[in-house]
Amino acid sequence: MNLRIDLQIISDWIPDGARVLDLGCGNGTLLTHLQQRNVSGYGLEIDNGKFADCIKSGVNVIQADLDQGLHQFADQSFDFVILSQTLQAIKRPDFLLQEIARVGKQGIIGFPNFGHWQCRLQLALGGHMPVSKTLPNEWFDTPNIHLCTINDFEQLCSNNNIAVLSRSIVNHKHKDTLGTRLLPNLFGQVALYQIQPK
Amino acid sequence: MPVIIPADSVGLVSPQSLHIDTPITLDCGRTLASYDLTYETYGQLNADKSNAVLICHALSGDHHAAGYHDMEDKKPGWWDTAIGPGKAIDTNHFFVVSLNNLGGCKGSTGPTSINPETGKIYGPDFPIVTVSDWVKSQSVLADHLGVQQWAAVVGGSLGGMQAMQWAISLPDRLRHVLIIAAAPKLSAQNIAFNEVARTAIKSDPDFHDGHYTAHDTLPKHGLGLARMLGHITYLSDVAMGEKFGRELRNDTINYGYDVDFQIESYLRYQSENFVDRFDANTYLLMTKALDYFDPAKEFNDDLTATMAQIKAKCLVVSFSTDWRFSPERSNEIVNAMLNAGTDVTYAEIEAHQGHDAFLMPIARYIEIFQTYMQKIAAENGDS
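From first to last, the protein sequence lines stand for chains A and B. Heads up, the first sequence is in this note's numbering, so the first residue is 115 and it goes up one at a time. Heads up, the second sequence is in this note's numbering, so the first residue is 279 and it goes up one at a time.
Treat the hints with caution; some may be incorrect.
Listed next, the in silico DSSO-like pairs over lysine-lysine satisfying Cα-Cα at most 27 Å (straight line) [what the hints assert, rightly or not]:
hint, chain 1, residue 1, chain 2, residue 2
1, B, Lys589, B, Lys414
2, A, Lys164, B, Lys589
3, B, Lys575, B, Lys463
4, B, Lys327, B, Lys398
5, B, Lys414, B, Lys521
6, A, Lys170, B, Lys353
7, A, Lys219, B, Lys589
8, B, Lys480, B, Lys463
9, B, Lys327, A, Lys170
10, A, Lys170, B, Lys653
11, B, Lys327, B, Lys653
12, A, Lys205, A, Lys247
13, B, Lys414, B, Lys398
14, A, Lys164, B, Lys653
Think of the hints as simulated: they come from the structure by calculation, not from any bench. Small disclaimer: the values here were computed from a predicted structure and weren't measured.
Based on the sequences and whatever the hints tell you, model everything.
Right, dumping it as structure tokens:
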């Protein structure tokens with residue numbers, strides 16, 4: 115089974131045999147894939163509907179609300195803590211980022227970039243809150259309450275003494291293009307970061 | 279009476295009895311030279327004996343977990359919602375074993391049995407047994423059945439505590455454990471409720487220090503009160519409100535101390551129905567087994583070190599309105615497992631039924647339960 119490109123990038127960052135915590139693990143796709151490489155750990159998920167899929171795949175899934183933080187986990191207890199496409203739906207992303215840095219030796223964060231030119235254009239010229247393929251909801255019903263740009267995220271990391279180890283910025287087809295390389299905050303739709311506390 | 283037995287029922291079942299002559303030394307220090315265990319089985323044990331599932335019962339449960347004893351039975355076994363062909367614990371795949379615990383009053387040796395040393399009923403002299411003692415005696419039954427390793431040990435409430443104890447004490451003898459609506463130990467409030475129940479029983483003039491059989495009587499009033507109290511803790515405020523509200527029994531209040539409200543009538547019915555089928559000394563014993571349950575005690579009160587003993591994969595389930603063993607209590611179990619690195623899946627089920635929810639056919643609960651059991655069956659090469 116082919117992984118979505120952003121999940122493939124994340125997977126490539128994780129070595130065989132690592133111990134990982136996947137925050138907002140959905141139906142367990144990433145963890146199922148990683149199991150083949152002896153990567154163990156847990157997925158946290160609050161969505162009722164996806165539990166049975168995780169169980170079927172043999173993924174350890176824990177029902178938990180990420181807004182409560184990761185208090186149940188000890189400091190530095192995972193090699194990687196992964197947060198893919200969920201940061202923008204968290205009540206306090208700054209708090210969760212600190213928690214990820216506390217619990218994981220490294221963190222991997224993926225989020226939709228609100229600095230993408232289409233978002234900017236919709237707001238600047240259309241006068242409307244942006245709606246896009248990566249962010250399909252209207253402003254009033256969106257679960258994405260804390261959207262940020264690549265610049266915002268890097269600022270947040272810096273303010274919280276978190277180092278960026280590597281970065282991968284791709285478009286909505288999750289492809290790396292000339293635009294995403296030269297002007298990532300303008301052309302990147304999905305941003306992926308590997309981070310570590312300084 | 280089931281006019282016809284439903285297709286997803288295990289059908290008519292008969293209890294069996296195992297007499298054990300190997301003495302068992304209990305946590306309290308006393309030894310039973312011999313004892314009987316009454317049990318039922320559903321489904322077929324496969325050739326390599328790898329498909330056996332043990333069901334552990336809660337405070338007032340027994341071996342009759344599924345099916346019917348005869349066509350006159352009004353109700354099936356206590357966990358018939360979960361056990362049967364095509365159900366969560368699918369008897370087409372699994373060989374299910376359910377026993378009456380040692381100290382019980384439904385056939386296994388307990389306070390109502392004859393003490394072979396005296397020739398008289400044990401009554402209050404029956405030793406207090408613990409959850410660990412139950413696991414020990416259940417492992418003797420497993421040996422007898424030729425089951426070296428359970429595919430799963432499953433239980434809710436006090437049954438979940440036994441399942442947990444199995445995984446901790448005999449980690450090589452089970453591959454999966456399902457701990458439902460349980461807690462890692464009782465809280466002061468839990469013990470307090472148990473103490474009120476015990477006081478109700480012991481202060482009944484018919485109790486006679488537990489020797490009521492010798493006086494040819496039963497402490498029905500006290501046991502009934504204990505059951506009433508228990509029932510209140512099994513249901514949520516919401517569930518009681520939905521079921522009874524402030525509905526009156528006879529459309530009018532009586533300005534007296536007899537039954538006005540339906541809830542009063544219900545509690546009285548539950549209590550009367552219980553006292554004829556349950557033994558008061560057994561009730562006392564079961565509440566003590568609950569109070570004493572504290573598997574972390576052996577591990578310097580370190581729950582993570584306790585859970586680190588577990589080799590089985592775990593499913594932990596709690597229910598949102600359960601205030602007897604609330605989701606927070608299951609979280610204690612799960613957090614210790616997470617820190618121990620134990621394989622665990624945890625779900626908190628939205629349910630208004632309170633603690634009793636673990637016995638109910640709640641869609642999401644059953645889906646998770648069933649999917650988990652199907653995964654076990656698939657691992658067994660039997661999907």
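Which hint numbers does the structure go against, in order from smallest to largest? Of the numbered hints, 4, 5, 6 do not hold.
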